[in-house]
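Visitor: The chain contents come next:
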Amino acid sequence: MSASSTTAIAGSETNYLNCERGIWSWLTTVDHKRIALMYLYTLTLFFFVGGIAALAVRTELAFPGGQIMSADTYNRWFTAHGVIMIFLFIVPGIPAVMGNFLLPLMIGAYDVAFPKLNLLSLYVYWLGAAMALVSLGIHPVDTGWTFYGPYSIKTGSAVVWMTGAAFVLGFSSILTGLNFIVTIHKLRCPGMTWWRLPVFVWALYATSAIQVLATPVVGMTLMLLIFERAFGVGVFNPALGGDPVLFEHFFWFYSHPVVYIMVLPAFGVIGEIIPVFSRKPLFGYRAVVVSSMGIALVGFVVWAHHMLVSGISDFSAQFFSIVTFLVAIPTAVKVFNWVSTMYKGSITFSTPMLYAMAFVFLFMIAGTTGIYLATLAVDVFYHDTYFVVAHFHYTIQGGAVIGLIAALHYWFPKMFGKMYNDLIARAAWFLIILGFNLTFLPQFVLGMQGMPRRYYDYLPQFADLHLASTIGAYINAFGYSLALLNLFWAMAVSKKKAPSNPYDALGLEWRTQSPPIKDNFETIPTVDDTPYAYGTPVASH
Amino acid sequence: MSHGEHAHTLDDPQGPPHIHHMDPPTAYHAAKFGMWLFLATELLLFGVMFAAFAVFRWKYFHEFHEASSHLNWKLGALNTAVLLISSYYAAIAVDHAQHGRNKQVLKSLLITIGCAVGFLIIKTIEYSEKYHHGYFIGGENFHEFKTFLPLYFCMTGIHALHVIIGMGLLGWVATLAAKNRFSSRYYTPVEVGALYWHLVDLIWIYLFPLLYLVG
Ligand SMILES: [Cu+2]
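Sequence lines, in order, name chains A and B. So in our numbering, the last spot in the first sequence is 1781, and the numbers never skip. So in our numbering, the last spot in the second sequence is 1225, and the numbers never skip.
Check the hints yourself; a few may be wrong.
As the list claims (entries may be wrong) - PhoX-like cross-link-like pairs, simulated, lysine-lysine; straight-line CA separation at most 20 Å:
{"#": "1", "chain 1": "A", "residue 1": "Lys1758", "chain 2": "A", "residue 2": "Lys1737"}
{"#": "2", "chain 1": "A", "residue 1": "Lys1658", "chain 2": "A", "residue 2": "Lys1584"}
{"#": "3", "chain 1": "A", "residue 1": "Lys1356", "chain 2": "B", "residue 2": "Lys1113"}
{"#": "4", "chain 1": "B", "residue 1": "Lys1113", "chain 2": "B", "residue 2": "Lys1189"}
{"#": "5", "chain 1": "A", "residue 1": "Lys1658", "chain 2": "A", "residue 2": "Lys1736"}
{"#": "6", "chain 1": "B", "residue 1": "Lys1042", "chain 2": "A", "residue 2": "Lys1426"}
To be verified - Stretch-level coverage of chain A by chain B, calculated; a stretch enters the list once three of its residues show a Cβ under 8 Å from a Cβ in chain B:
{"#": "7", "region": "1410 to 1422"}
{"#": "8", "region": "1455 to 1469"}
{"#": "9", "region": "1483 to 1493"}
Stated by the list, open to error - The calculated label-pair distances, taken between Cβ atoms and stated as ranges, are:
{"#": "10", "chain 1": "B", "residue 1": "Asn1151", "chain 2": "A", "residue 2": "Met1688", "range": "50 to 58 Å"}
{"#": "11", "chain 1": "A", "residue 1": "Thr1608", "chain 2": "B", "residue 2": "Arg1195", "range": "57 to 65 Å"}
{"#": "12", "chain 1": "A", "residue 1": "Val1374", "chain 2": "B", "residue 2": "Gln1114", "range": "45 to 53 Å"}
{"#": "13", "chain 1": "B", "residue 1": "Ser1079", "chain 2": "A", "residue 2": "Leu1566", "range": "23 to 31 Å"}
{"#": "14", "chain 1": "B", "residue 1": "Arg1195", "chain 2": "A", "residue 2": "Ser1550", "range": "52 to 60 Å"}
{"#": "15", "chain 1": "B", "residue 1": "Asp1033", "chain 2": "A", "residue 2": "Asp1768", "range": "18 to 26 Å"}
If you are wondering where the hints come from, they were derived from the structure by calculation, not from laboratory data. Glycine residues also receive a C-beta, built at the ideal position from the N, C-alpha and C atoms.
Isolated chain A (complex conformation):
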């Protein structure tokens, strides 16, 4: 490496991608950026597999009556869709890909605190993924992704392999979260005080806390379910004196906070993108940070809103309903802060900004419909309908997935040192947002009209909206394919080089070359302001 100043070396040929070559240099790397890319490739693969499962389900539901599969096969497809999308794709999602890539860059560190542990968590993830594939290969699970008993105890499908996979994947998630927390505590560069941390780092911090504190609970619960099937322990089996509702409590103690594992990092991404393309400081930085922590905290005491119709007591139902309403407060704080940041800003409608704006819009629908579901009397009706399916997908696809795609577009020049075709990226954005709304807006209506979720067949009066939803799903899938192919093309084929800081952004990750050198920075940088001082004299950094 040539001797140089502390600033990025323009035109330097050595970077983390080409400093070592060969598959072995990737499989044995402890570089957080390379690990992030290996997560990216694996997750993209599973996003497509889960997407194919979604299309299979939507194709079956395009018209009333059986179309392409039996009712039994249908159960396996929607379970595969749920399990793959949740455990293999969106839970690792933004933290494993963008978090791994960006965290050390954003806080001015050479790497995460435990680089070898980081690689181990990738291998543990791969092991879990392999176990899930074994389950799909030998006897696909038909329980739904929630593995509710007593059916999950007696079904003939490969539940042990699948829950074992979820356990192993949870272990990977814990290791990543633990690594990030220690990294954020111990490896911030000089001047990077807690109140100067980028909001994405704060979001990762809140997410990691949930990963560390909630995942062991579901891990042990799934382990007990495995013991249930292997040894007949009976803890969740009413026939042996056990309690299936206890399983639901344990399961949702993790699986509600897990939606914040999915979506909090997306909040962080949006908080990074909006100030840059509004050329204004992030409005209410501390409120945004505190609301992330607030969501993480409140998220631990709302789990039984998934069980309002499972036969819990009136008192618990009322308690969990009220605390669920509370989640709306920190979430709304975020939305108001993003919108206030844009107010009177000089906005550039770049592709990442378009995704960020779509995110705010979609997440508002997600949040508002969540209020309906937290309302006791209304939930009795909505709970087992498509209304829940639509609400969930607005939060997780409209929130977490759009957040991930936004992040990929925003940091793509940094990750690969290339620029993507902006026109195709915008076209893909349009198709994704159009297809997404066409898929799930009708499902709100279907739910309100009483269409039960997870059903293989439906009454003729639901046919039109189901068909619209299926058409939307295909447009949506086409949009994602286009967006990802566009990025893949830019990465693998395009020669269009990206500058180190294409957006004049202030974050530390933009102070190093694109793609960064193996150690991120020549020397550890120092920081003397927040990363959002746009439109102020400091912005001329």
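Assemble chain B with the ligand onto chain A, guided by the hints.
Guide: Showing chain B with the ligand alone in chain A's frame:
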């Protein structure tokens, strides 16, 4: 590279290992902090079973009361003593390591591991006693006290698994001590390993009264 030059590893075999992205004090604190976080996850892992135990004890109070009188509290108490001794020697090992007394570190850790072996032997005796009365997993009396015995075997079984993992961890630390690796400048593995061992001990401290005595 400016940060890559910490020329201490070669002439200082007892100093901290060279890590290119952290200075040694940061590495020490990071390792300790990481282990504390991991211990928190372990507590939550066991927390599920403690919560289940609480629920079922409330639901099946008489069965649970009856069942705990079938456990051999003397063996349980003996095992508690064995684990407490093991934890004491793990703590002693840290003190020796901080003073660079590698031989004593090795000796203390071997005593700790020996105690762990003793614990597992006593546990096996208890399990086989249960087996002969049909109380073991799959036995005809496995559900005689509703969910008590299943929970007993899950909790003590997973605890025993942690004992085995802890033995592996401390065994690895012992090999480092045998190579004279520790000094007042570097004793992180001993401290982190002992932390883990204390947790294994601590969980048993809760399991013993809960399963054997409170009933
Ligand atoms: Cu929830």
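Visitor: Hints the structure violates: just list their numbers, smallest first.
Guide: Per hint list: 2, 3, 13 violated.
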